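On the provided structure of chain A, position chain B as indicated by the hints.
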Amino acid sequence: MGNDALDMLPLYYKILFPSKLFVRWLSYSESDETYFKRRELSFTLAGDIYLRYQSFPDDTELVKALLSKLPVKIDIGAVFNKEPRDNRKTMDVLIPLERELIFDIDMDDYDDIRTCCKGPEICKNCWRFIVIAAKILNAALIEDFGFKNILWVYSGRRGIHGWICDKRARRLTTEARSAIVDYLSLIEGGEFKSKRVTLPANKNLHPSITRALDIIEKEFEDFMVKDQKIFDTVESASKIVDLCTDPELKTSLRNKVLKTPHRTGLERWKCLEKAVELHVKERNYTRTHARYFLDEIKLQLCYPRLDVNVSRGINHLLKAPFCVHPKTHRVCVPVDIANIKKFDPFTVPTIDQLLSQIDAHDALQPEEKDNKESYAKTDLAQSIGLFRKFVVLCEKEAIMQRSSEQRSTESLTW
Amino acid sequence: MEFGSTPKRSKLDSGHVNVAHEDFSDDLPFYSFPPTGKIDLIEVDDMVNERLSILEVFEELKISEIGQSKNLADHLGTIRERLKQIESKFGDNFITTLHARTLGAHNTLKKDARRRDQISHFLLRLYFCHPQEKKTWFVNRETELLRYRLLEETVGKAATNALSGQKNDSSVVAQMILKNNLNYEPIHLGNSDYDRDLRRKASFNNLFVTNDDKSPFYRILFEDALDVVRMRKAYLQDGYAYVSTHDMISLICTKFRQELNTALSRLNMRRSDEEHRLLPIINNIYLKKIASARKLKADASGKLKEVVTPDMIDNLALEHFPPCMESIHLNLRKNHHIKYGGRLHYGLFLKGIGLSLEDAVKFFRDEFIQKLAPEKFDKEYRYGIRYNYGKEGKKVDFSPYGCEKIINSTPGVGDAHGCPFKHFDWTNLKKFLVRKGVGDEVLQNIESLVEEKNYSKACGIYFTVRHPSHQISDEGITHPNTFYAESRKALQRNPKREDLILEDEIDHFTGSFLPEEETLNQDLLKLLKFLKLLKLLNQWIQAKWNRNLHQLIQTSLQSKNLL
Numbered sequence: 001m002g003n004d005a006l007d008m009l010p011l012y013y014k015i016l017f018p019s020k021l022f023v024r025w026l027s028y029s030e031s032d033e034t035y036f037k038r039r040e041l042s043f044t045l046a047g048d049i050y051l052r053y054q055s056f057p058d059d060t061e062l063v064k065a066l067l068s069k070l071p072v073k074i075d076i077g078a079v080f081n082k083e084p085r086d087n088r089k090t091m092d093v094l095i096p097l098e099r100e101l102i103f104d105i106d107m108d109d110y111d112d113i114r115t116c117c118k119g120p121e122i123c124k125n126c127w128r129f130i131v132i133a134a135k136i137l138n139a140a141l142i143e144d145f146g147f148k149n150i151l152w153v154y155s156g157r158r159g160i161h162g163w164i165c166d167k168r169a170r171r172l173t174t175e176a177r178s179a180i181v182d183y184l185s186l187i188e189g190g191e192f193k194s195k196r197v198t199l200p201a202n203k204n205l206h207p208s209i210t211r212a213l214d215i216i217e218k219e220f221e222d223f224m225v226k227d228q229k230i231f232d233t234v235e236s237a238s239k240i241v242d243l244c245t246d247p248e249l250k251t252s253l254r255n256k257v258l259k260t261p262h263r264t265g266l267e268r269w270k271c272l273e274k275a276v277e278l279h280v281k282e283r284n285y286t287r288t289h290a291r292y293f294l295d296e297i298k299l300q301l302c303y304p305r306l307d308v309n310v311s312r313g314i315n316h317l318l319k320a321p322f323c324v325h326p327k328t329h330r331v332c333v334p335v336d337i338a339n340i341k342k343f344d345p346f347t348v349p350t351i352d353q354l355l356s357q358i359d360a361h362d363a364l365q366p367e368e369k370d371n372k373e374s375y376a377k378t379d380l381a382q383s384i385g386l387f388r389k390f391v392v393l394c395e396k397e398a399i400m401q402r403s404s405e406q407r408s409t410e411s412l413t414w
Numbered sequence: 001m002e003f004g005s006t007p008k009r010s011k012l013d014s015g016h017v018n019v020a021h022e023d024f025s026d027d028l029p030f031y032s033f034p035p036t037g038k039i040d041l042i043e044v045d046d047m048v049n050e051r052l053s054i055l056e057v058f059e060e061l062k063i064s065e066i067g068q069s070k071n072l073a074d075h076l077g078t079i080r081e082r083l084k085q086i087e088s089k090f091g092d093n094f095i096t097t098l099h100a101r102t103l104g105a106h107n108t109l110k111k112d113a114r115r116r117d118q119i120s121h122f123l124l125r126l127y128f129c130h131p132q133e134k135k136t137w138f139v140n141r142e143t144e145l146l147r148y149r150l151l152e153e154t155v156g157k158a159a160t161n162a163l164s165g166q167k168n169d170s171s172v173v174a175q176m177i178l179k180n181n182l183n184y185e186p187i188h189l190g191n192s193d194y195d196r197d198l199r200r201k202a203s204f205n206n207l208f209v210t211n212d213d214k215s216p217f218y219r220i221l222f223e224d225a226l227d228v229v230r231m232r233k234a235y236l237q238d239g240y241a242y243v244s245t246h247d248m249i250s251l252i253c254t255k256f257r258q259e260l261n262t263a264l265s266r267l268n269m270r271r272s273d274e275e276h277r278l279l280p281i282i283n284n285i286y287l288k289k290i291a292s293a294r295k296l297k298a299d300a301s302g303k304l305k306e307v308v309t310p311d312m313i314d315n316l317a318l319e320h321f322p323p324c325m326e327s328i329h330l331n332l333r334k335n336h337h338i339k340y341g342g343r344l345h346y347g348l349f350l351k352g353i354g355l356s357l358e359d360a361v362k363f364f365r366d367e368f369i370q371k372l373a374p375e376k377f378d379k380e381y382r383y384g385i386r387y388n389y390g391k392e393g394k395k396v397d398f399s400p401y402g403c404e405k406i407i408n409s410t411p412g413v414g415d416a417h418g419c420p421f422k423h424f425d426w427t428n429l430k431k432f433l434v435r436k437g438v439g440d441e442v443l444q445n446i447e448s449l450v451e452e453k454n455y456s457k458a459c460g461i462y463f464t465v466r467h468p469s470h471q472i473s474d475e476g477i478t479h480p481n482t483f484y485a486e487s488r489k490a491l492q493r494n495p496k497r498e499d500l501i502l503e504d505e506i507d508h509f510t511g512s513f514l515p516e517e518e519t520l521n522q523d524l525l526k527l528l529k530f531l532k533l534l535k536l537l538n539q540w541i542q543a544k545w546n547r548n549l550h551q552l553i554q555t556s557l558q559s560k561n562l563l
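Each protein sequence line maps, in turn, to chains A and B. Counted the way full-length UniProt numbering counts, the first sequence spans residues 1 to 414. Counted the way full-length UniProt numbering counts, the second sequence spans residues 1 to 563.
Bound conformation, chain A alone (with noise of 0.2 Å):
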């Protein structure tokens, strides 16, 4: 983090954070108060220092250690069977016992398909790998496994981080995570593979990959063709055409789609695409390893790219929310996945552009100077205003669990 951002956090710190409602958060109204103090936060300072196992009793303590060790980012890890700072004070061993269910989504993994931008650097056109890839993922959580309270943050870069916060999500085993993750990956190969996704031909397809594809549907000819450009020269199209494993057809992919050089990508998607209907209506669907041929490459450019590591262990850290990204000085502000598609990454709250907002608002309205949250001033109010109703939908969850549960052991009772 240069200079100038490390000068400035800790007023964003004191005034900006919104520790309270992030201390709400993390206890979800558990009815064990000690849910929250069992927590782990980690803090990466200045140079590179890691500072693990910290805890915290409430929001006031946490300021306090904000503002003393000035973290250039903060990690959120697991709820141990009890407080990690006091690791030392007893014997009994550290044990990570819950967590929320994590997704981390980087445009790192979309390397090699991406044409408009290398390495650290995103565009307007490629952070659309990332809206398509949250929504099928998002969906998927939603309608295949139930879960109801999922908070989507911005990493402050080039990617995103999901956040499955239901109580059942929480208390998944690693093997449970395990499954998930593998449920929901589907790009496999490493460095030595080009085919990526392989649909078995003589299956339908699980009805959640058919809700991944109409996602996809929706975006790909605008998207990969127009944006990305993959089929504008004869080499990038060629690369798609090579995926195919059927010999007789890909002769005849490439007779058709390569060897006419003055097309447009259009066109050429367009050939494509009837060139392999025809060829799999001739040969009656099933008996052709092609079948899927036209899925298999939409999935293998769009479908989400997940860092299987992240999700799979219930002691991972990851970037907590509202942190600010130590390069970009950008804010990690909440995601509201309903308009995911409004959201622009190059618009987001810079730590300096808050605090010259709050200047800005004090000048033109000193009435309101001192009665007036600071966030409120600035551009982060919505955001805080979203983690705020998602904190409320937590709570409220929790509330109803214990209500019902009340219930059924009162109907027991009589």
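Wrong hints could be hidden among the right ones.
[Stated by the list, open to error] Cβ-to-Cβ under 8 Å is the rule here; a few derived chain B residues that face chain A:
| # | residue |
| --- | --- |
| 1 | E56 |
| 2 | V413 |
| 3 | H423 |
[To be verified] Each pair of labels, with its calculated beta carbon distance range:
| # | chain 1 | residue 1 | chain 2 | residue 2 | range |
| --- | --- | --- | --- | --- | --- |
| 4 | A | T90 | B | R200 | 31 to 39 Å |
| 5 | A | N309 | B | K431 | 25 to 33 Å |
| 6 | B | T262 | A | N309 | 27 to 35 Å |
| 7 | A | T260 | B | G77 | 22 to 30 Å |
| 8 | A | T251 | B | S32 | 58 to 66 Å |
| 9 | A | T251 | B | D440 | 49 to 57 Å |
| 10 | A | R85 | B | R277 | 46 to 54 Å |
| 11 | A | S356 | B | F398 | 49 to 57 Å |
| 12 | A | T90 | B | S399 | 47 to 55 Å |
By construction, these hints were calculated from the structure, which means they are not laboratory data. Treat the numbers as computed from the prediction; the structure is a model and nothing was measured. Cβ coordinates follow ideal geometry from the N, Cα and C atoms, glycine included.
Coordinates of chain B only, in the frame set by chain A:
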């Protein structure tokens, strides 16, 4: 002996084990309740022998590994044949008897087989509840056995029934669930639009669903159906998995595995009761049957008591590493980095061939710091290497991964690990094999094996190309460290190969270092250099003698090149 949970033991005259109460009504038991009663010690011996022979079959022929492939029926057939060959003092072994379709449920032969099945299972529990390694072996084999028996009752029967025109009978599974309180309730879908839609989605796995297909689905919390969730075998809705009767088999097996594990842990606390009586008997049989067979295998995967140092790895990689490890190695050398999975697979492999922890840290560090700051390596990667050697975290001395694990791994974007025969595209695999000197005919052979998903065999063929005169087992390669060990042995036994290379190398010696040249033994290299120098010196003296200036310049140039 008491099989039950009551701690008190009846007083016995020697030579008898108590088995009194018998309820052997089940062909397919879940072994929830141990039998009680008396049996002869000689019978104990025979029963243990019989069951161990049966379990041993599943050491080689694992069903869970072939997954959903079409060959399931064939695979079951192979197991069936193997099981039939097992001899038992009681005539046919109990599995064969229990699956004999011609015998009625109340047949005495069947009754006896059920009894043997139950008693032998509980006898072995006693022996296998400790230590962890034995426990794992037993639980895995028993689970496989149960899986086989359930499949045999459904898939196997369906196949024979299809021939005779009978209807498929999946009620075995339903009964099993009912009888053993497995708490899975089938749902019956009616004719409402919602139900029909649900049925259509839930039966996506089945290409041709007919409307009158009324076989039930089980509605199960997804947390209780992880196996089918993981494989995407069931339709999920709102947190529930809709599992077909057929897929319930894997769920039952998982449940069985869990219960057996807990039961064994509980039993372990009381096994001292039998320390001097039953355990020695079983131990003897076990050592004779299983351990000796396994020792042979272990020797083959050979812990060579050899020390490997970082400077040797390049040479070893090219000559002796299996393709999976060689490709990780090349990747590491090329990119100066490999991702987590690669570090895990490769790190453990290197440990297995004799690279010490210090050397492993040095080896990875030297490579990684070409691209990143040394402090970053120390902070982020050193831990993982020390973890492999059991010095961090769980502090377990991990063994190198076998082919099964490597084949079943799922390398993601940018990952270098995995089984080349499975995870490479054919073009990349071909490139690799051609570079290693695999000819066209063998390539075709390997390609068809890869298509059959017989990766171990494919790797075995590759091994034979590398070492034509060295015999390996028929199943092919099952562990990368076995590949390495065998490859080393092959070279020791058959050094001709080296001679060939040597001849070759001498001719090319002044050229740039070809990869093959690195296979030379270091000492030999030194000797060669020395000889070459002598030769050059000799030439140089001659040249000087002839006062042929032209030649003089040439040779000195040559010598520069060499040094």
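> Hint by hint, which ones does this structure get wrong, listed from lowest number up?
Replying inline: The structure breaks hints 1, 4, 7, 9, 12; every other hint is satisfied.
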